[in-house]
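Following the hints, position chain B against chain A.
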Amino acid sequence: MVTFLNRANSETCDDNEALDAVIVQAARHDSSAFVPLYRRYVNPVYRYLYSRVGNSDDAEDLTSQVFIEALTGLASYREQGRFAAWLFTIARRRLIDHYRQFPPQQPLSRVINQSAADPSPLGQVAHNEALTHLASLVAHLDDDKQELLRLRFAADLTYAEIGRLVGRSEAATKMAIHRLLRQLEESWEVDHA
Amino acid sequence: MHKPMNQQTIETALEALYTTSEPATDFVTRLEAQLLSQQQVRTAVDSDRPTRLRHWLTGIGMGRRQPFPPSRLAAAILLITLLLVVTLSIIGPGRALAALQNWIGYVPGIGFVDLENTRLLTTPIGQTRDGITLRVEQLIAKPDETVLLFSSAGLSPLAETGYDAEDLPEPQLRLPGGTTLMGSESYLSYGRGHYIFPPLPTDVYRITLLLPRLPLVPVSIAPENWEVPLVLRPADGEWVADLFPQPYQPVGAEVTHNDVTLRIIGVAHAAGNTAVRTQVRWADPTWQHYDLIGGRYLPILRDDLGHIYRQTHENSSSVAVMRVVEETDKPSLPERTREETITFAPVSPVAHELTLVLDALEFDILTNDAFTVDLGLNPQVGDIFPLDVRLNVAGFPVHLTEARIAEVVERYHPGRIERPLHLVFTIAPMAESAQRVLYSLRLEANGFNGSSTGYSFDENQLRLALLLNEGSPIPRGVVDVQVTRASIQLPGPWQVSWTLPGSAESGMQPLTLHPDAASTQNNVTVSVADMTLTDRVTAVQFHVTSNHGSGEIRNYAGLDSMERNLSLTDQSGRRYQIADWTVQWHPDGTRPSEIDDPNWVMFTPLNPLARQVTLSVPAVMVTVKETAVLELTLPAAITLYPDENPMLPPRSDMWPINIPLYIAGYDLLFSQAWLQEINPGQVLLILESEELPWPQNGRWLRQLHVGQVTGPNGLLPASDWTRGSAGLFDPPGIVRIVTSDGSAANGLEPPHTYRATLSVELGDSATTGIYHIQLNGVGLQIDGPWSILVDLP
Chain A
27 MVTFLNRANS ETCDDNEALD AVIVQAARHD SSAFVPLYRR YVNPVYRYLY
77 SRVGNSDDAE DLTSQVFIEA LTGLASYREQ GRFAAWLFTI ARRRLIDHYR
127 QFPPQQPLSR VINQSAADPS PLGQVAHNEA LTHLASLVAH LDDDKQELLR
177 LRFAADLTYA EIGRLVGRSE AATKMAIHRL LRQLEESWEV DHA
Chain B
73 MHKPMNQQTI ETALEALYTT SEPATDFVTR LEAQLLSQQQ VRTAVDSDRP
123 TRLRHWLTGI GMGRRQPFPP SRLAAAILLI TLLLVVTLSI IGPGRALAAL
173 QNWIGYVPGI GFVDLENTRL LTTPIGQTRD GITLRVEQLI AKPDETVLLF
223 SSAGLSPLAE TGYDAEDLPE PQLRLPGGTT LMGSESYLSY GRGHYIFPPL
273 PTDVYRITLL LPRLPLVPVS IAPENWEVPL VLRPADGEWV ADLFPQPYQP
323 VGAEVTHNDV TLRIIGVAHA AGNTAVRTQV RWADPTWQHY DLIGGRYLPI
373 LRDDLGHIYR QTHENSSSVA VMRVVEETDK PSLPERTREE TITFAPVSPV
423 AHELTLVLDA LEFDILTNDA FTVDLGLNPQ VGDIFPLDVR LNVAGFPVHL
473 TEARIAEVVE RYHPGRIERP LHLVFTIAPM AESAQRVLYS LRLEANGFNG
523 SSTGYSFDEN QLRLALLLNE GSPIPRGVVD VQVTRASIQL PGPWQVSWTL
573 PGSAESGMQP LTLHPDAAST QNNVTVSVAD MTLTDRVTAV QFHVTSNHGS
623 GEIRNYAGLD SMERNLSLTD QSGRRYQIAD WTVQWHPDGT RPSEIDDPNW
673 VMFTPLNPLA RQVTLSVPAV MVTVKETAVL ELTLPAAITL YPDENPMLPP
723 RSDMWPINIP LYIAGYDLLF SQAWLQEINP GQVLLILESE ELPWPQNGRW
773 LRQLHVGQVT GPNGLLPASD WTRGSAGLFD PPGIVRIVTS DGSAANGLEP
823 PHTYRATLSV ELGDSATTGI YHIQLNGVGL QIDGPWSILV DLP
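Those protein sequence lines, which keep their order, are chains A and B. Every position in the first sequence, counted from 1, becomes a number in this note's numbering once 26 is added. Every position in the second sequence, counted from 1, becomes a number in this note's numbering once 72 is added.
Fair warning: there could be bad hints in the mix.
Stated by the list, open to error - Taking CB as the label site, the calculated pair distances span:
#, chain 1, residue 1, chain 2, residue 2, range
1, B, S859, A, H204, 24 to 32 Å
2, B, N450, A, D169, 51 to 59 Å
3, A, D169, B, D275, 48 to 56 Å
4, A, D169, B, S622, 33 to 41 Å
5, A, H204, B, T705, 51 to 59 Å
To be verified - Which chain A residues face chain B? A few, computed with CB under 10 Å, are given here:
#, residue
6, Y64
7, V192
8, M201
The set of hints was computed from the structure by calculation and includes no laboratory data. No residue lacks a Cβ here, since even glycine has one placed at the ideal position from N, Cα and C.
Isolated chain A, as found in the complex (with noise of 0.2 Å):
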């Protein structure tokens, strides 16, 4: 295997949005640069995109389609920045797409069966009977909700792109998430009462 590199493998900066706007702007000139861009969001967005459709083929799929559409649509993204906002825009509607063709039925459950736990340094993954308890309480929250959840932990964004996203303030998504949450935890002890 050889492994290209280029400068932002050595980059040591830690805000995702400043990184992203260089490699954007050496991406659209150079599809190699996309590279980096690609390592940062595809863990991410498939992580996103599984937790929608709840195999492993299909989400295989659909990120392939994510970053071919991310890579050819790079030169008509503007101003840099937010790019993980503008990702997960196309993954969305890859997901609208997905569903037209193949309505979603797959319960979180099968999502969490299929995903076992493993003990190598790979698989270091928390994964007992009480994650299987939580997802059976998450599959019971609306779909809106459950979105803000596989945004935050799944695709791992921040409030502010979540926020982009949604259509929100950073204010309130971070507001709804804590109320989901809190809703959660409602859940949970009332469960175990």
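This is chain B only, laid out in the frame that chain A set:
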């Protein structure tokens, strides 16, 4: 029975819940290769729709669109450049620059705008229907175009469940006579954006925005058919200065290296950011400048107080729609001037001097070099073709010494394997130059599907390959290879300084305290070495000392809770958050990306009434230096096979080992090992310990610092994957069965176990034999908290 959960543990559990599904490594690798083989980034234009949408271009949902020739964009850029050149020629550079100061205003969200002969809104105009507000923030009617900024508020989350890029609403401006102007470009995000229309007739001051639907909102979700009347005024009064920050042009703010000049041509200080308009001019007509931001580090702005301001991006949009200008003749003159605006966090009003720092400038160069490779009549994977090709590309002597056909194994779930080929070129090391770096090359050759290139700063090495999709035959005989493009970087740092006009004479100057404040717990002392108070941040430098030496602070305690509680509070209970990343402070003005010291923490500025603050540090990590050596025999006949979990890479069976390790007071027993292929050509040897005793005193073994590793063939190269750690694991062998209703059928609730692992990257093959793994220390996390009281003057 589940344990009670609070919000923080639910948050942690949700993270675990949603991150159990990682993409398969082979899928990631394959998609990356596929992306690399894509052609140059292109825009596209719809060529088969007969309506005016024919002239609209969108970057999203491009369905049936055809490639958009980049030359049109180049033509537009050329036109702008020519206009500038003509302007400068007519009125002379000095007068032109002076005039620019008068013409240009800074409009947040748009950038620097020529306000000469414009009409504007004096105030934003809003309209609310069914709780949803559409607000026209500004309309700038310029001689050449009309720009309309808008925002919307009150939409429900349902409103953003998706939109159809093929059916975006087309805005119009209705003129007094009833005629309308169609929008020509749109830059849209949820909740805001701007449209560009053709210029208004000169005598028009009353217009109406017609918007069939809020942009990016699906049909029938929100009120539609918006009509917003707007009244404009000529931009010729003092009221204009109140609307927009007045930009200024710093005198003499320029720097020249190697016939390239970086100049600051405008600066504006808005409430939300500081905008810096840069101009780069160069002499070489073959260079096509495309990126101000080269090198390793992002641009920063530094002030004389020690603040470092990082780049912000307020002008982005999710969707861009623009009208395609019909192509004119291809440009025959090169572009040799480029202007670009960079925005930063707002600077301190008491700063007197600013310095823009760019790490490097990058230029794109069209090349016309060529060479041949004779692959013979029957080329095969693994064949090596010695070369002695010497090119002069963009002024760089490039010596290709070898070409090699390599097979890239890409595994696809479920079990599908593809084997695309690369013709990899070996390039002789180039002499290092402080003035230029050859950063990339692009190749084209018949029979190949593209090229891949990149530069490793760590190795100072250019990489280059031609790509061949799986199934495509390897070209035979002599292959003509064209070198069509190169990019070079001019390393800096490029620094341009200027004095701020009208800095505040009084204000909060940075105040650095050296408080004699410390707290000791568990034989570890955490002290505040320095604390600097500015109007932008509160910068705190901690020191951690222990019997073992220095250490670093952590912002959470206890692996089982991960409760984050590094905090700063004052005597009135006001809590100060970790500061926004966009402003930092360092006594030397060091750029933030170079500050790699976890003991430097930036909080938000203190309230002026704060007289005493308390810093609470939840945990620290200390390094204990001690050496030990493990010896492991890798047995023969270890084979890798696909993991049962398709999301995980191939691995071997575990085999039992019995390797004790005593280090830093810890008795470890490594009891099993296995191999795992994390990427094709990257095999890890992994050792796992027996369970460690659960800490009773808040001291967690967290890191095993691996030094040299020697294998049967000698010293192994260093690798990021060669490392050791300790933490919480699920016990091995647990198989969970989850029913469709979400309940666990096996009823097991395995506790986490506390174990250590060591991983060693073996490269592309696991050679049987004896390995010696040297450890040179451990990292201990020690839980606190340490509460440090600091009195303020």
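- Message: Flag every earlier hint the structure violates by its number, smallest first.
- Response: Hints 4, 8 contradicted; others consistent.
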